[in-house]
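Chemist: Each chain, written out:
There are 2 protein chains.
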Amino acid sequence: MTLDDILEKINKAENIVILTHESPDGDAVGSSLAMQLIIEEIGKNADVIIPEYSRLFNFLPAANEIKKDSEIKKYDLAIGVDCTDLKRLAKYEYFENAKATIQIDHHGSNSMYADLNYVNPVSPACCEVIAGMLKYYEINITKDIGTCLMTGIITDTGGFRHSSITPETFEFTADLIRIGVDVPDIYKRTLRTKTRANFELSKRAMERMEILEDGKVTFTYITKKDEDEVNAEPGDHEGLVEIGRDIEGVEVSIFIRQRENNEDVYKISMRSSSYVNVSDICFIFGGGGHAKAAGALIQGNIEQVKEKVIKEVKKALK
Amino acid sequence: MTLDDILEKINKAENIVILTHESPDGDAVGSSLAMQLIIEEIGKNADVIIPEYSRLFNFLPAANEIKKDSEIKKYDLAIGVDCTDLKRLAKYEYFENAKATIQIDHHGSNSMYADLNYVNPVSPACCEVIAGMLKYYEINITKDIGTCLMTGIITDTGGFRHSSITPETFEFTADLIRIGVDVPDIYKRTLRTKTRANFELSKRAMERMEILEDGKVTFTYITKKDEDEVNAEPGDHEGLVEIGRDIEGVEVSIFIRQRENNEDVYKISMRSSSYVNVSDICFIFGGGGHAKAAGALIQGNIEQVKEKVIKEVKKALK
Chain X
432 MTLDDILEKI NKAENIVILT HESPDGDAVG SSLAMQLIIE EIGKNADVII PEYSRLFNFL
492 PAANEIKKDS EIKKYDLAIG VDCTDLKRLA KYEYFENAKA TIQIDHHGSN SMYADLNYVN
552 PVSPACCEVI AGMLKYYEIN ITKDIGTCLM TGIITDTGGF RHSSITPETF EFTADLIRIG
612 VDVPDIYKRT LRTKTRANFE LSKRAMERME ILEDGKVTFT YITKKDEDEV NAEPGDHEGL
672 VEIGRDIEGV EVSIFIRQRE NNEDVYKISM RSSSYVNVSD ICFIFGGGGH AKAAGALIQG
732 NIEQVKEKVI KEVKKALK
Chain Z
432 MTLDDILEKI NKAENIVILT HESPDGDAVG SSLAMQLIIE EIGKNADVII PEYSRLFNFL
492 PAANEIKKDS EIKKYDLAIG VDCTDLKRLA KYEYFENAKA TIQIDHHGSN SMYADLNYVN
552 PVSPACCEVI AGMLKYYEIN ITKDIGTCLM TGIITDTGGF RHSSITPETF EFTADLIRIG
612 VDVPDIYKRT LRTKTRANFE LSKRAMERME ILEDGKVTFT YITKKDEDEV NAEPGDHEGL
672 VEIGRDIEGV EVSIFIRQRE NNEDVYKISM RSSSYVNVSD ICFIFGGGGH AKAAGALIQG
732 NIEQVKEKVI KEVKKALK
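Those protein sequences? They're chains X and Z, same order as listed. My numbering puts the first residue of the first sequence at 432, with every later residue one more than the last. My numbering puts the first residue of the second sequence at 432, with every later residue one more than the last.
For the record, the hints were derived by calculation from the structure and aren't laboratory data. A couple of the hints might just be wrong.
Unchecked claim - In silico DSS-like pairs for lysine-lysine, Cα to Cα no more than 25 Å straight-line: (1) 619(Z) / 723(X); (2) 574(Z) / 475(Z); (3) 739(X) / 749(X); (4) 619(X) / 440(Z); (5) 518(Z) / 619(X); (6) 499(X) / 634(X); (7) 634(X) / 522(Z); (8) 647(X) / 634(Z); (9) 504(X) / 522(X); (10) 749(Z) / 619(X); (11) 723(X) / 742(X); (12) 522(X) / 647(X); (13) 505(X) / 518(X); (14) 619(X) / 566(Z); (15) 655(Z) / 655(X); (16) 647(X) / 518(Z); (17) 656(Z) / 634(Z); (18) 619(X) / 739(Z); (19) 619(Z) / 745(X); (20) 566(X) / 443(X); (21) 634(X) / 647(Z); (22) 530(X) / 619(X); (23) 698(X) / 647(X); (24) 723(Z) / 619(X); (25) 745(Z) / 749(X); (26) 647(X) / 634(X); (27) 634(X) / 504(Z); (28) 619(Z) / 647(Z); (29) 518(Z) / 440(Z); (30) 518(Z) / 504(Z); (31) 634(X) / 518(Z); (32) 634(Z) / 634(X); (33) 656(X) / 634(Z).
As the list claims (entries may be wrong) - Partner residues aside, some chain Z positions facing chain X, computed with beta carbon under 7 Å: (34) 489; (35) 590; (36) 601; (37) 610; (38) 611; (39) 620; (40) 625.
Keep in mind that this is a model prediction, so the values were computed, not measured. For every residue, glycine included, the Cβ atom is placed at its ideal position computed from N, Cα and C.
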């Protein structure tokens, strides 16, 4: 059983590093810190390396111990969480150099890139996969571990909203409330709180939003100049892609965001409402994700990127 | 026990009417329709009279049976749901004229205006109060009843988000998923779906939003002219008051909405983030509600109303 092998590897390792994907969301940061705390419960220590993340996650237990980098170049064990591919791991060189590797994930598109792969694609969040591991290991869930896990569940389900949620998700949440995890506080900090910069970017994204294809598609964008003008920090563009999707009748929302100043490269984010598989569309451009939430990088200026993406979206519309 | 007396009154009545508050939200419409379905389970019939509600709630079971008015002037029994005061009930004359009255609510400020009052102020939604009644009566929750109850719980907790939620709320949700209630669908229809008009009104409200008092207070407004220009329907202003509250650092958000064209009367809606009791502030202006969500009607033009409200808000800020 993979879970027994994972526990054995953790027990054998002298030094352990935990990595997650670039532009980490709540599930990525929550899973990383939960794993760190669990490894402590097992009686070991682990470094969490996340070079850049939204300050909204600073409230998480042990967030102040997150390292941007490490002096240990060759870890005994590297653990990747919430990440589909080796090269998407931020600081993946630590993973490549490690003597042994484990990865834990919930994406159907996972490429099984570790020695031991524990992937449950029906789980709504990597944090829920980790919750299952805890149950298997019969490790007590502390309030701190629960807070990390709840953060991933809340952010990856959009606040108990996505079709991926299960009765077990709700029962687990009830259990966490009973041990003192402040679910409304986590919800507010991670999903509802908009930074001032995010509010200003939302305004611009809404102002520019085009509603196309008979109301089925929305398109909007943010440039690096916009981000500079509002003093945006990492994560301040979060949620902008969802504004379009949530308009009545919209099936696909497209949000593009310039990667660097004066550069014609855009990060596209797509969301779908019911039937369009946006992961398939992003795959055409070398990206991927989930059926209803995906992304990719595309070369071109705003008009060119828009044209390329909408051409593919049109084919998928009913 | 009040619950036994309520059941007895229902069993004795030949004709029953269910009423709820004006500008009904999901908890109001959900509670009304759930009560109607429950009364059917008991073996009786009831009319639901709601003169005006958002078409977002048209998906609810039996929504097509909602009446705008009735030909029966004197009902044997009138049941008010989710409403603090007699005069806030839409078509309250049916309540005044009824031979017997019951009301079911979860607002702490309830004025106990019926013959039988069943009020649980710690419940996050009137629908959760009704769920408790079902348990007491040992009535089986059907998928339809569950859909109505879930609608009230989702909308009144802002999607499992408010501090009013309990472990029991989550466990009840898990139970409802298991009997086939489509929680993500209800969530999407009631909380995430924005009508085009709501999107346009949000844009205007955000464009005009003033961030005051060192970032602790936001103020914005919508006129009747705005609503006319975007073809707003009942309910299309929902959620606008929350935009301000969700900005980092904001304690109180104020949203005012003109009642009629060319009339200097505004409906104020207020939300607070943690410590300000906006119900107390709205009470000064003859309104009320919950500590973190309240409303009132105020005379004056936009500037006058703004000044009056902010003067009171300032006193409550730390």
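Chemist: Identify every previously stated hint that the structure contradicts and give their numbers, smallest first.
Modeler: 4, 5, 6, 7, 12, 14, 15, 16, 18, 22, 25, 27, 28, 31, 34, 37, 38, 39
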